[in-house]
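**Student:** Go by the hints and put chain B onto chain A.
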Amino acid sequence: EDQVTQSPEALRLQEGESSSLNCSYTVSGLRGLFWYRQDPGKGPEFLFTLYSAGEEKEKERLKATLTKKESFLHITAPKPEDSATYLCAVRTNSGYSTLTFGKGTMLLVSP
Amino acid sequence: KAGVTQTPRYLIKTRGQQVTLSCSPISGHRSVSWYQQTPGQGLQFLFEYFSETQRNKGNFPGRFSGRQFSNSRSEMNVSTLELGDSALYLCASSGMLAGGETQYFGPGTRLLVL
Chain A
1 EDQVTQSPEA LRLQEGESSS LNCSYTVSGL RGLFWYRQDP GKGPEFLFTL YSAGEEKEKE
61 RLKATLTKKE SFLHITAPKP EDSATYLCAV RTNSGYSTLT FGKGTMLLVS P
Chain B
1 KAGVTQTPRY LIKTRGQQVT LSCSPISGHR SVSWYQQTPG QGLQFLFEYF SETQRNKGNF
61 PGRFSGRQFS NSRSEMNVST LELGDSALYL CASSGMLAGG ETQYFGPGTR LLVL
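Residue numbers (the working numbering), protein chains in the order written: chain A, 1 to 111; chain B, 1 to 114.
Treat the hints with care, as some may be off.
Unchecked claim - One side only, chain B facing chain A, incomplete, derived with CB under 10 Å:
1. GLU48
2. SER51
3. ARG55
4. GLY62
5. LEU90
6. ALA92
As the list claims (entries may be wrong) - Here's a subset of chain A near chain B, in silico, CB distances under 7 Å, partners left out:
7. GLY32
8. PRO44
9. THR92
10. TYR96
11. PHE101
To be clear, the hints were calculated from the coordinates, so they are not data collected in a lab. Think of the CB as a built atom: it goes at the ideal place given N, C-alpha and C, for glycine as much as any other residue.
Chain A extracted, bound-state conformation (with noise of 0.2 Å):
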């Protein structure tokens, strides 16, 4: 059974203090790992897709890397805007188009 674990359940950070959440899978035959960013109340917003080892991608503040067994999403010198819960999900070759979601790291950043 694919599984999806994210550490931590939250945290928080003052304002320009980086940091990294983790994204750890269990999958047969992964075909994408995607993180997504959800404020309260509202559907997951799509950040990056990694597909194979070693790939790194970078949108303004965040960057995500993929190893074979886990992923981060680094967040450099965060800002409030950026509080939110980012939720990590996979697609493996059995599954079409269907992810299989972490819990999720609910991000608090505080001025």
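**Tutor:** Positioned in the frame of chain A, the structure of chain B alone reads:
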């Protein structure tokens, strides 16, 4: 392009009733997936439709059903509602982004069962 739209945005029902939720995908997207999101379980996959056919289904009871129309719009139905069905129901449509297929989510329908 317009994003994924879902209607209604909020619903209040009582136990035993049934409910139908609607989803319009991004224009040109043929795959629509439904997810249930609760604080305890997170996002859980319900089912996926592609070209009017269900091609994948999650571990939910038969009270949860769906369909897709020829214009790719999709509906999901929950019959005999239970208190535990209270959740945010999310619809996602799949399209190609540089490098591969990506799911784009709608704003969700918040269902409260009393």
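**Student:** Do the numbers back the hint for GLU48 (chain B), that is, is its least Cβ distance to chain A under 10 Å?
**Tutor:** Holds, because the Cβ-Cβ distance from GLU48 (chain B) to chain A comes to roughly 6 Å (cut-off 10 Å).
**Student:** Verify the interface restraint on ARG55 (chain B): the C-beta must sit less than 10 Å from at least one C-beta of chain A.
**Tutor:** Holds - the Cβ of ARG55 (chain B) comes within 10 Å of chain A, reaching about 5 Å at its closest.
**Student:** A closest beta-carbon separation below 10 Å is what the hint needs, so does SER51 (chain B) meet it against chain A?
**Tutor:** violated, 12 Å
**Student:** Once the shortest beta carbon distance from GLY62 (chain B) to chain A is found, is it less than 10 Å?
**Tutor:** Violated. Min distance 19 Å.
**Student:** Answer holds if the nearest beta-carbon of chain A is closer than 10 Å to that of LEU90 (chain B); otherwise answer violated.
**Tutor:** LEU90 (chain B) check passes; min Cβ-Cβ to chain A is 5 Å, inside 10 Å.
**Student:** Quick one, is the ALA92 (chain B) hint okay against chain A at 10 Å, beta carbons?
**Tutor:** Holds: closest Cβ of chain A sits about 8 Å from ALA92 (chain B), inside 10 Å.
**Student:** Against chain B, with CB atoms and a cut of 7 Å, does the hint on TYR96 (chain A) hold up?
**Tutor:** This hint holds: TYR96 (chain A) lies near chain B, its Cβ roughly 5 Å from the closest one there, short of 7 Å.
**Student:** Regarding the hint that PRO44 (chain A) lies at the interface with chain B, is the smallest CB-CB distance below 7 Å?
**Tutor:** holds, 5 Å
**Student:** Return the status of the interface hint for GLY32 (chain A): holds when the least beta-carbon distance to chain B is below 7 Å, violated otherwise.
**Tutor:** Cβ of GLY32 (chain A) sits 6 Å from chain B, so the hint holds.
**Student:** Is the hint on THR92 (chain A) kept, meaning its closest Cβ partner in chain B is under 7 Å away?
**Tutor:** Since the shortest Cβ distance to chain B is 11 Å, the answer is violated.
**Student:** Hint check: is the beta carbon of PHE101 (chain A) less than 7 Å from a beta carbon of chain B?
**Tutor:** Interface hint status for PHE101 (chain A): holds (4 Å vs cutoff 7 Å).
This entry does not satisfy hints 2, 4, 9, going by the numbered hints stated previously.
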